[in-house]
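Undergrad: Residue numbers (the working numbering), protein chains in the order written: chain A, 74 to 409; chain B, 74 to 409; chain C, 192 to 704; chain D, 39 to 362.
By construction, these hints were calculated from the structure, which means they are not laboratory data.
Where is the CB? At the ideal position from N, CA and C, for every residue including glycine.
Incorrect hints may have been included.
To be verified - Using 20 Å as the maximum straight-line C-alpha spacing, the simulated EDC-like pairs for lysine to aspartate or glutamate come out as follows:
1) K274/D with D243/A
2) K192/D with D378/A
3) K542/C with E287/B
4) K230/B with D378/A
5) K230/B with E209/D
6) K272/B with E322/C
7) K289/D with D238/A
8) K230/B with D376/A
9) K230/A with D376/B
10) K230/B with E156/D
As the list claims (entries may be wrong) - Derived contacts from chain B toward chain C, CB cut-off under 10 Å, selection only:
11) T273
12) V274
13) V296
14) G350
Unchecked claim - Ranges of calculated distance between the beta carbons of each label pair, as one might list FRET restraints:
15) V228/B with M257/A: 43 to 51 Å
16) V109/A with G573/C: 30 to 38 Å
17) F199/D with D238/B: 28 to 36 Å
18) D378/B with T58/D: 23 to 31 Å
19) E141/D with R311/C: 50 to 58 Å
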Amino acid sequence: MTESPPPPGAGSRTERGATLLKRYGAAAFRTYGIIVAFVILVIVVSIGNPAFLSQGNIFNMLSQWAPAGIMAVGMTYVILTGGFDLSIASGYSLCAVVAAGVGILVDPAYAFLAAIAAGFVVGLLNAVLVVGVNINPFITTVGTGFILGGVTYVVTKNAAFVVPDMAFGDLGAGRWHGFPFSGMMLIGFLLVGGLVLAKTVYGEAIYAVGGNREASRLSGIRVRTVIGSTYVLSGVCMGVAGTLTASQLNSAQANLDPVIIFDVLTIVVVGGTSLAGGFGSMWRTVVGLGIIATISNGFVLLDIDVFYQDIIKGSIIVGALALDVLARRVATRSGA
Amino acid sequence: MTESPPPPGAGSRTERGATLLKRYGAAAFRTYGIIVAFVILVIVVSIGNPAFLSQGNIFNMLSQWAPAGIMAVGMTYVILTGGFDLSIASGYSLCAVVAAGVGILVDPAYAFLAAIAAGFVVGLLNAVLVVGVNINPFITTVGTGFILGGVTYVVTKNAAFVVPDMAFGDLGAGRWHGFPFSGMMLIGFLLVGGLVLAKTVYGEAIYAVGGNREASRLSGIRVRTVIGSTYVLSGVCMGVAGTLTASQLNSAQANLDPVIIFDVLTIVVVGGTSLAGGFGSMWRTVVGLGIIATISNGFVLLDIDVFYQDIIKGSIIVGALALDVLARRVATRSGA
Amino acid sequence: MEARIDPPAPSSAGPDAVRVERVSKSFPGVQALKQVDFTLREGEVHGLVGENGAGKSTLIKVLTGAYSADKGNVEIFGHAVDQHGPRAQQRAGVAAIYQELTVVADLSAASNVFLGRPMRRGPMVNRRAMEQRFRELGARLGVDIQPRARAGDLSVANQQMLEIMRALQADHRILIMDEPTASLGPNERERLYETVGRLRDERTSVIYISHDLDEVLRLCDRISVLRDGEMVATAAVGAWDKEKLVNTMLGTELRAPPARHRASEGDELLRVEGVTVPGKLQDISFVLRAGEIFGIAGLVGAGRTELLRALAGTEPGASGTLTIDGRTQPLPRTVGRALALGIALAPEDRKGQGLVLSQSGFVNVTMTDMRGLAPGAIVRSGRRKSAAEVIATSLAFDPRRLGAPTGTLSGGNQQKLVVGKWLHRRPRVLLMDEPTRGIDVGAKGEMFAVMRRLADEGMAIIMVSSELEEVVELADRVLVLAKGRQAAILEYGELSLERVLAMTFGVEGEAAA
Amino acid sequence: ADDPVENAEKILEFDARNITPSKAYRIAYLTECGQNPYCSARRAGLEAAAQKYGFTYKRFAANFNPAAQIKQVQNAITEGFDGYLFAPTAAAPACSMWKRHLEPLDEPTVSLDLPMCEDADYSEGLAATVTMQRQAYYNAHVDHALASCTEPCKVAAVGGFVGSDLFGFWEKAIQQGAEKFPNAEIVVDQPANFDPRVALEKIQNALLAHPEITVILSSWDDMSRGVEQAIEAAGKTPGTDVRIYSIGATKDGIAKVKAGTYNETTVLLPWEESYYAAVALIAALEGEPINGYINEADLPAVADGPGTIIITPENVDTMTEPKY
Ligand SMILES: Nc1ncnc2c1ncn2[C@@H]1O[C@H](COP(=O)(O)OP(=O)(O)OP(=O)(O)O)[C@@H](O)[C@H]1O
Ligand SMILES: Nc1ncnc2c1ncn2[C@@H]1O[C@H](COP(=O)(O)OP(=O)(O)OP(=O)(O)O)[C@@H](O)[C@H]1O
Ligand SMILES: [Mg+2]
Ligand SMILES: [Mg+2]
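Required output: the full structure, derived from the provided sequences and hints.
TA: So this is what it looks like as structure tokens:
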């Protein structure tokens, strides 16, 4: 609503007073203010415990945040079209259970595919309701979230599925010269997700639909297909994330991590992507992920007392965004 | 986005083929489709267990849903301006703790005032961040939610505040000829909240701001004041709700009911109020409250197996909205 | 028409209602106003003209407090206004009709007119009084809008009337109108002129912005010209004529408009039969030939927009058939289907339906044909850039502004892009709803030239415009709609302003009789 | 009735009589539970008692939410039952539900799961209290783990939900244990929501920040799976390089103790808890109330097996197959 995305390089040649540098500098500050907040946070935590920037810790963080980060990639797409996917916590548990179930009953090799197929179906269900029946995505996905959660209970009869074959854990916990496979997948999703968004026709359509649905429709963009596809993508991300977690734990159960939805939403939104749709980008999700992961990791590394963790977390989230907003304001004033 | 609320009586006079009755009938169906869903639900549950419509059960439901319902009144205002208040779960716990604390240390008589004051401050904090610093309300209130929750832990040191004076419980648990005080307060909030929205200049401004913020600003509406006031109102509702719960429990503690936020959001949105702002009304919140309370009560009355509850709940939520949407579509086609 | 309005009596000079001194305003990358001086005398109607993007809207937004100026002073009735948003200015008696519609779609028509200043009884809204006053205002302006209608369901013209009613609703001493007639038909325009005349008699001071120079010359006491953010001239109306205004606005001579010529009689491209939209349109049939510009004339609410929407696959209730390439089929049900047939729509509501305001001109101009720019699904920014620049240049849109989010462009420049969107994809039939709305005289010439050229290249264009002169000047044939019915199709030889007017009103007269 | 062991014997004796109650009772099961394996086991115990004693019951599940529980207590009372099984979500609010709503009824109530009203176990007026999860229980678990630090060692702990009563017991036990066992230094103490994924993350980070950690306290067997994976990911062997002390004695937990991956798991008996609570309620309804505290540790699963709630590789074979 109050978001006014700055056009990098939109400056007119007619302006004489300001130097190019000053102008673009200000624009950069305005655009990338959230990065400043992130850098400050990193500096503070690594002064507190230099191990923060150690290779081992970074690898750990990559593998720990792979499930949430991968789902944040899907959520970025959904939110950019102006949608919402609140079914991811249940969908993720369901996919993890499918992965573990197939890992037990059939073979770990098929677990990944089965979970992705399950995620695909979940996403399709959301897509059909949101663009087919045309129900508000917020409430639709709250509803499907309940349904999927319920299905998972019924399927598991409320017991954990423990996979006896330890090879099942290789995907989630395996490493290559110390670099976790799950971290590679996270980086892959962020990169490919970002490139598709920034460079392809599909990505442009996402922004267009989120920015003005009616104008996009009249321009011949298949609005429903575009919107629906983001839910399917989000579902596939649940499948991947669920498999990684099931593999990391060598087991899965219903209600795996019900609050992961907050993590994922916060990751996307804290970077500055607008919930109104049409504005945001994958690098913002990367920064958001960085901020949230650093906070969570920092609590342990700096051994912050439990009682103060929530206060600190909330203050950092609000503070980072306030800095971002103020940066825009200051830069707009001085740069223009 | 896809919401196109029909104005009752907006039919064009030039239309000749359709009778007035048919036209208005269709418009009513289009507008009030969600009520049809609610009525079906009520019929199903009361056939399953006629005790559903007994006075005792209705009184119980009123008192049980008073805290969530009162917060839904505040949330309706916030959402109508296009905002979000995700801090209510923590704010509500905090206010309950303040009420219990004052009830212990000072006197139960002051507890109510103290909790309302606490809610007011919470709302003011949100308002300052949302309209003062101008941060996105979603993430702002996620952040303040963490902060408030943290403050509550620190204040209570993770212990419950138990009020020894049993008179403290009279507000929340007391009844007048069987009619619970808390139910009266709920009805009072819904009525007054609805009247203010529908009839007053302030209510008119809420719709205007939510419908088109810039147009409202240009028309001289104090947009920031209006938006900010809704967060303060939401805060005051937390204060009232927190007091009622503390009084019902004769005690309070941190993290009282973290998932109440989902109940409150669902109540507002399931009725048909648009998250984009500018469209909705208090009767929709009443219907939403009715639906959610009936589902929850019905599970117990019909003794639904816990394994299937979530599936049923999700299906009813999605189904109610689908019916609403389809009603609109059918009515639009036949009526226009 | 001209003869029907009395020349304005020069008003006696009173104290200044508005005084603007050395006001500058810039946006990131654009200096919209440069040291502008401007004076509005009490009781005068002051015209403000200039090219698209000259800074007119920006100037009035500074005046109303919607924007705060970077430098300079604004005085209203001798009092400096500190820049605290639109409220302060409203208190001082300023009302404005903004160029971009500011209706609240979900509110009723009456609530929109009284937005921010509802009639009240204590803290309560007095809806009955509001609806009463709404009807009075409507009667005065000759519009028939239901006070309880949802504003978003009204046509653009009626929404524009709501804006006008909003400005007139309280008795303001200063009234600012930014292109109030852009989407109005002849009737409404006349009513508005009368109203402005009456306001002047009541010594209300008016700033009047329009691209219709005839209108400005008829209505105003003095006229100021903005060019590139600078105030280049202010003079009494007597000192101006149309040519002088144009030359001052553009800084150069206007190129002669393209000579009117008839399209060579092309082959039948599209046959439209029996288009009906319940309650809006009845049984419209016509034939469209390749290479022609087919005009649709009619009064506001006659159903012109509906007809275009029906052909473009976006009017759900529509029925009828199309014959194209020898195949007869029902009207397209989706936009995609219409596009597959080669039919595209440039809608009249540029903000709501035309542009993705958060995206750049590059994106907007090419989004109709992204596949064409992106073999292998990857968008080639180089190709896109050159394609967009060609389009921009042909529409007199400064190609250097293509990178800016379209939401930051002036109204007229946005309109150019709405039309420009289809110049890349090149449909066989282009439906243009009010394509010149808000476009300056210079650019209008360019737009006409483009339309003519497209037609000459074999495209068929259907054009709807509320400016009948425009339709008559440009179209090869004209379909006249009256109250949703087809009044006549005027062939090339029969076309004249008088006939079209007679048809539109004549049928109305018949119906009334 | 002041001696829990005597109470346990009494209830076992009653159960052994295999009586047929004078009528088919209707019982309200007001449970804090939601949906997890622990809750399912509790339900199964109740189901077994219902089969045996021919009563019917209605389940009111509060999903760990005190505000929801008060609603359910009211609903249950309005509906009216012969007796009430009451498993509090939290001690303090439960006290008000008990005193204000349940106690004034003329029907017997048996509490389980948690003590309430600031009582250590039994609260006056109840027909019985059947529970294990008291402060003493957590102290026993933590003390056993910390006592293993014969030399100075570093300890990390992951607990359940911040704000819950159990988390309060847990934190207090850790605090008191640290004082009792100066060799043990608690370097990380984090909540992990009983969630294996969160536990994995927290312990992975903890092992990185403090590679010398050799003892990990976990408050739930399912969560300990995440702990185990974190230790393996750090290239260490769970059970030897880093010792895991867990709670639950679930099937999975017992198996892990047998395998030597967990060094200990503390017994929880959800099945027995609800089974004997129901038996105690039937006894009260039949006019033989216990009016006192029954500790599940005094029941056969522990008393006739390992004799202690602390299950280690040494005594794990004496533990009967857990019911969940
Ligand atoms: N909010 C904004 N952000 C950035 N640039 C803006 C903004 N508003 C206006 N501009 C720029 O300021 C210049 C003047 O625009 P303005 O709208 O005043 O023109 P105008 O004279 O009203 O034109 P038109 O006749 O097309 O309405 C344009 O270059 C426009 O792009
Ligand atoms: N985008 C739209 N979506 C739905 N209905 C629309 C839209 N635009 C216009 N209408 C409908 O069109 C009707 C007004 O007639 P319409 O706009 O077709 O007349 P017109 O002859 O084109 O006149 P105008 O000059 O006002 O465009 C209104 O009843 C309105 O509901
Ligand atoms: Mg303008
Ligand atoms: Mg039109």
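Undergrad: All the hints need checking, so say for each whether the structure fits it.
TA: A quick look at each hint next to the structure:
no., hint, result
1, K274/D with D243/A, "16 Å, holds"
2, K192/D with D378/A, "17 Å, holds"
3, K542/C with E287/B, "14 Å, holds"
4, K230/B with D378/A, "12 Å, holds"
5, K230/B with E209/D, "11 Å, holds"
6, K272/B with E322/C, "14 Å, holds"
7, K289/D with D238/A, "18 Å, holds"
8, K230/B with D376/A, "18 Å, holds"
9, K230/A with D376/B, "19 Å, holds"
10, K230/B with E156/D, "16 Å, holds"
11, T273, "5 Å, holds"
12, V274, "5 Å, holds"
13, V296, "9 Å, holds"
14, G350, "9 Å, holds"
15, V228/B with M257/A: 43 to 51 Å, "44 Å, holds"
16, V109/A with G573/C: 30 to 38 Å, "33 Å, holds"
17, F199/D with D238/B: 28 to 36 Å, "29 Å, holds"
18, D378/B with T58/D: 23 to 31 Å, "28 Å, holds"
19, E141/D with R311/C: 50 to 58 Å, "55 Å, holds"
The structure agrees with every numbered hint stated previously.
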